[in-house]
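Single-letter residue listing:
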Amino acid sequence: MENNKKIKFTDFFDTVKIMGQDLSSVDLDRVDMSHGHLGDAEFSFVNSKVLHPDDQLPFVTPPFYTTFFSVGFVLDAYGKIIVDKLPFNIKPGMLFVNKPGELQQLTWDVMNESYGILFTENFISKYAGISIYKTFPFLLFERQIPLKTSEAFQQELKKIVVLIVDELINDSPLKNQICANLLTRFLLKIKQEYWEGYMIHNSETKNSEMKNPDIVNDFFQNLEYHYDQLLKGKVQRTLYIKDYAEMQQLHENYLSSVLKEKTGKTGGQLIAEKTLSAAKILIEDPRLSLKEIAYMLGFSYLSYFSIFFKKHTGLSPVNYRKKSLR
Amino acid sequence: MKPVLTNLSKITDCLAFMNLPISRYNSENFSFIKLHEIGIKLPFQSPTFRPDFYNLFVIIDGCGTYYIGDKEIEISSNKIIISQPESFSSSYWTKIQKVYTISFRKSFLIQYFPAGIDTILELGGENMFSCDLTRERVKYFEQTCDEIYDIWISAMEYKDELIANLTLNLLFLTQLHQKRDFKIKLENEKNTTIVSAFRQNMENNFSHLIRGQDSLLMRTKEHSKLLNINENYLSKVISNCTGKTVNEWINEKLIDEIKYLLKHSDKSMKEIASLFAFNDLNYFCSYFKTQTLNAPSTLRKDFNKGEKNQTAVYNPQFINHQTFSK
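If you read the sequences in order, they're chains A and B.
Counting in our numbering, the first sequence runs from 1 upward without gaps.
Counting in our numbering, the second sequence runs from 1001 upward without gaps.
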């Protein structure tokens, strides 16, 4: 694999390419499993066994950042995954969860059965109305230690995976809703199995009780919480890196440098990304005018918002709305 | 024999009224009953309820008739029936080999899945929907029902979320069977909101009327005021989106309710008229006649004549209870 030194952010399609597959030659409208991959940039399913046939093993990806959440569900495979420089051995019965912005490198040595489910925050919030921050806080944890699954639990999860595959192949008019429903069930099962009793700790208890060393994690939780409030119209103001630093009683330069070191992105970038995903959700709601959205997200002029949006997506808000409503 | 007429609406009240040996897990928001396991004596005529919840019958093996509004739906094996809240309904069973009943409030689902489910609960603008299932689907429904039941009686912390998720899944699959409704709904989200708000208000108005909490049948003027929009605009949106005018909606609903009471209760014409805020019996009769081309008494007579052949046996359990009181 070349390009090994150059780490880059990958959206869904880049990632697929890294995984050893070029989707530009694949007709995405044709739905079948021959490429080991189903779905689109918002939600997709990967059958690693098909993707990595025996004669191509061992297989190593270059390090990459993702822009989506992923759940790897290993039934029978061996390999290694490096997440944020921490290596883990992949063994049968392992379940690993990754969030956007994590530096990953994946190695497969033996591949018999392993599946991956990739989804964006937007997907689950649009089709199931679920806020990841509120319902699945465990997805946002700073460091994900791979989970070990019992035989029975594997069967339960596999049942859902099979349903997801069926649904993606069937391609019914309610495909997205049903997939979001099944994905939610998948995550709920994980939540029930591993995180029973876990609550989002709010900032008061956090500061007084134990000092949480997880600066990045706290930052993400604060970020998520703030945007959750923003979308509900409960707060009007947008926050800058300085405000987030103050929440954790840190200096802004220190927070920035920690963020940069751990996520590879600056605080400003992370906030911009979050703003962008919030903007996308809002734009898809035709009840809101673009001006309202701009104000909600803390832009004082509509034109600032348009420039910002266009810079990051290549589409103006108006065009994006037209596209999404089509 | 007519079913006992009540205007009970809460799940718990309805179940308590029937005095059946049913699990303690039932709440006002959700209940799950395996009809075949609670020792119902056949043939069984349920009382008339006016539920504030949705009912989903999964009939694996059973026979009977379901009455809702003016409709009579044959209950047969491999079939699902789902009914909207705020409509008089009752059921008559001659065979219950394997029948699941899932009752839930809309708020129960909305609580966990706030987005994307408005349209699936519309049932295409009807007060009920039924369809036959393929053998495969029946099996899937049965498995899912069993799964819901297992979760329901478990002590899992996130069981409500899982139950809502699984129930929603069944609803999505049901929705796939009613294809014709899709185009209308997806056109414009803003209009969809108005349509569903209007329907909700209309139903609330009816239930208030029947419970004597209100004495005015709302028409376009009142509805538009309630929604803070112009009368003409409301009319336009409703007729464009649903193909029916506001008054058609109201009249149809009204006639539907009246017909149910004429057929399945012994209430006198005068009582029925006053229930729906008709001050004058003559006006009631002529209104009914213009809408249906039949006098109310003719409808009742005709129906009773046909009904004589059918012998229904009451469960003696109901006798002690008080019936309809306004």
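Calculated from the structure, these hints are not laboratory results.
Don't take every hint at face value.
Stated by the list, open to error - For lysine-lysine, the following DSS-like pairs were computed, each having C-alpha atoms within a straight-line distance of at most 30 Å:
| hint | chain 1 | residue 1 | chain 2 | residue 2 |
| --- | --- | --- | --- | --- |
| 1 | A | Lys175 | B | Lys1106 |
| 2 | B | Lys1225 | A | Lys291 |
| 3 | A | Lys189 | B | Lys1098 |
| 4 | B | Lys1159 | A | Lys159 |
To be verified - What the simulated footprint calls covered on chain B by chain A, stretch by stretch (three residues with Cβ under 8 Å from a Cβ of chain A suffice, anywhere in the stretch; the number is not a length):
| hint | stretch |
| --- | --- |
| 5 | 1218–1226 |
| 6 | 1243–1257 |
Computed from a predicted model, the values in this text were never measured in an experiment.
Glycine residues also receive a C-beta, built at the ideal position from the N, C-alpha and C atoms.
Hint check results:
1. A:Lys175 / B:Lys1106: Roughly 22 Å separates the two Cα atoms, so the pair holds.
2. B:Lys1225 / A:Lys291: Given pair Lys1225 (chain B), Lys291 (chain A) holds - Cα atoms ~27 Å apart, limit 30 Å.
3. A:Lys189 / B:Lys1098: Judged against 30 Å, a Cα distance of about 28 Å means the pair holds.
4. B:Lys1159 / A:Lys159: holds (18 Å)
5. 1218–1226: Check failed, 0 qualifying residues.
6. 1243–1257: Three-residue rule not met by the stretch 1243–1257 of chain B, so violated; n is 0.
In terms of the numbered hints stated before, the structure departs from hints 5 and 6, listed from lowest to highest.
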